[in-house]
Amino acid sequence: MVCRKILPFLSLSLLFLLVLGQTSCDKFSGSQTIPAYLKIDSIRLTTDYSIQGTASNKITDAWVYVDGDFIGTFQLPATFPVLKQGTHTLMVLAGVMQDGIATTRISYPFYTEITKTVNLVPQKTLDVGILTTTYSSKTKFVWKEDFDQAAITLDTTSEATMHIGLTTGRGDSTFEGNHSAIIELDTIGSTFAAASRSAYHISSTSAMFLELNYNITSSLTVGVYVTVLGIVTQVPIMTLNPSNGSWKKIYINLTNILNAYSGATVFKVYYYFENTTGDHYRILMDNIKVLSF
1 MVCRKILPFL
11 SLSLLFLLVL
21 GQTSCDKFSG
31 SQTIPAYLKI
41 DSIRLTTDYS
51 IQGTASNKIT
61 DAWVYVDGDF
71 IGTFQLPATF
81 PVLKQGTHTL
91 MVLAGVMQDG
101 IATTRISYPF
111 YTEITKTVNL
121 VPQKTLDVGI
131 LTTTYSSKTK
141 FVWKEDFDQA
151 AITLDTTSEA
161 TMHIGLTTGR
171 GDSTFEGNHS
181 AIIELDTIGS
191 TFAAASRSAY
201 HISSTSAMFL
211 ELNYNITSSL
221 TVGVYVTVLG
231 IVTQVPIMTL
241 NPSNGSWKKI
251 YINLTNILNA
261 YSGATVFKVY
271 YYFENTTGDH
281 YRILMDNIKV
291 LSF
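Using the numbering used here, you'd call the opening residue of the sequence shown number 1 and step up by one each time.
Check the hints yourself; a few may be wrong.
When the alpha-carbon atoms are kept at most 27 Å apart in a straight line, the in silico DSS-like pairs for lysine-lysine are as follows [stated by the list, open to error]:
{"hint": "1", "residue 1": "K84", "residue 2": "K39"}
{"hint": "2", "residue 1": "K124", "residue 2": "K248"}
{"hint": "3", "residue 1": "K140", "residue 2": "K248"}
{"hint": "4", "residue 1": "K58", "residue 2": "K249"}
{"hint": "5", "residue 1": "K249", "residue 2": "K144"}
{"hint": "6", "residue 1": "K84", "residue 2": "K249"}
{"hint": "7", "residue 1": "K58", "residue 2": "K138"}
{"hint": "8", "residue 1": "K248", "residue 2": "K58"}
{"hint": "9", "residue 1": "K140", "residue 2": "K84"}
{"hint": "10", "residue 1": "K84", "residue 2": "K144"}
{"hint": "11", "residue 1": "K140", "residue 2": "K39"}
{"hint": "12", "residue 1": "K138", "residue 2": "K116"}
{"hint": "13", "residue 1": "K58", "residue 2": "K39"}
{"hint": "14", "residue 1": "K248", "residue 2": "K144"}
{"hint": "15", "residue 1": "K39", "residue 2": "K116"}
{"hint": "16", "residue 1": "K84", "residue 2": "K124"}
{"hint": "17", "residue 1": "K144", "residue 2": "K39"}
{"hint": "18", "residue 1": "K138", "residue 2": "K249"}
{"hint": "19", "residue 1": "K84", "residue 2": "K58"}
Cβ pair distances, simulated, as ranges [unchecked claim]:
{"hint": "20", "residue 1": "A55", "residue 2": "T205", "range": "39 to 49 Å"}
{"hint": "21", "residue 1": "S173", "residue 2": "H88", "range": "45 to 55 Å"}
{"hint": "22", "residue 1": "K39", "residue 2": "R282", "range": "33 to 43 Å"}
FYI, nobody ran anything at the bench for these hints, they're computed from the structure. C-beta atoms are modelled at their ideal positions from N, C-alpha and C, and glycine is treated no differently.
Can you make the complete structure from the sequences, with help from the hints?
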């Protein structure tokens, strides 16, 4: 009796294993399992300086598509596998860290997509080297200040005790061009407070970003003055930390902040720092851009 019960069970188990084995083989039948590889060194930005301003950037990532299929986001330089072979269309979007935060990486909407035809060979690495992007033709340069013109468009406010100076020469204090903005604060209570001279229209249908190069030994608050029904509200967005003697580039998303104020029509960008210690602080800024579509 025991044998009669066990034998049918063993037969069913064996049949199940055979079916499972056949199913597993069919799963990979005719499918590519050995990848080709793509290598991207970096993505650089080119600009028409007279229209678009500086080509300074902090492109950190590549958002990669092959024939419209999303392959992944890769921190540059990168080598990564692709389960395709033969001739295909590669599309790469330039990625940045939104608000300077490593966990909020985005494909920057104002840079053009990069496309090229590639031939992928399994087990081989195709090195596409350095790719190049530029600003989209749809980009609107709402505000652009490089501190190289006769009159600058960043003004101190009534809170300021220190004026905005300009660096001279092309030393460490000047990021590029002939001048950068410089503010020195060395007494308790000395304050830097400045805003864009003009107020700019708020778009409810387009992304809006602020770009900035900065080199600061203090903190620096960046925010907006938002006007709703004639009432101006000061809205801090983020505080930049000291940059340890080096120039940094940041992309600040203004979109959600501006659209959070129902009925808001225009805004200005502002910067603020107050010396509360009496130590010497220095703020250097260059290449301010506000972008929209």
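Hint by hint, here is what the structure shows:
no. : hint                   : result
1   : K84 - K39              : 15 Å, holds
2   : K124 - K248            : 37 Å, violated
3   : K140 - K248            : 23 Å, holds
4   : K58 - K249             : 6 Å, holds
5   : K249 - K144            : 15 Å, holds
6   : K84 - K249             : 36 Å, violated
7   : K58 - K138             : 21 Å, holds
8   : K248 - K58             : 8 Å, holds
9   : K140 - K84             : 38 Å, violated
10  : K84 - K144             : 43 Å, violated
11  : K140 - K39             : 33 Å, violated
12  : K138 - K116            : 21 Å, holds
13  : K58 - K39              : 19 Å, holds
14  : K248 - K144            : 18 Å, holds
15  : K39 - K116             : 14 Å, holds
16  : K84 - K124             : 12 Å, holds
17  : K144 - K39             : 35 Å, violated
18  : K138 - K249            : 22 Å, holds
19  : K84 - K58              : 30 Å, violated
20  : A55 - T205: 39 to 49 Å : 28 Å, violated
21  : S173 - H88: 45 to 55 Å : 48 Å, holds
22  : K39 - R282: 33 to 43 Å : 41 Å, holds
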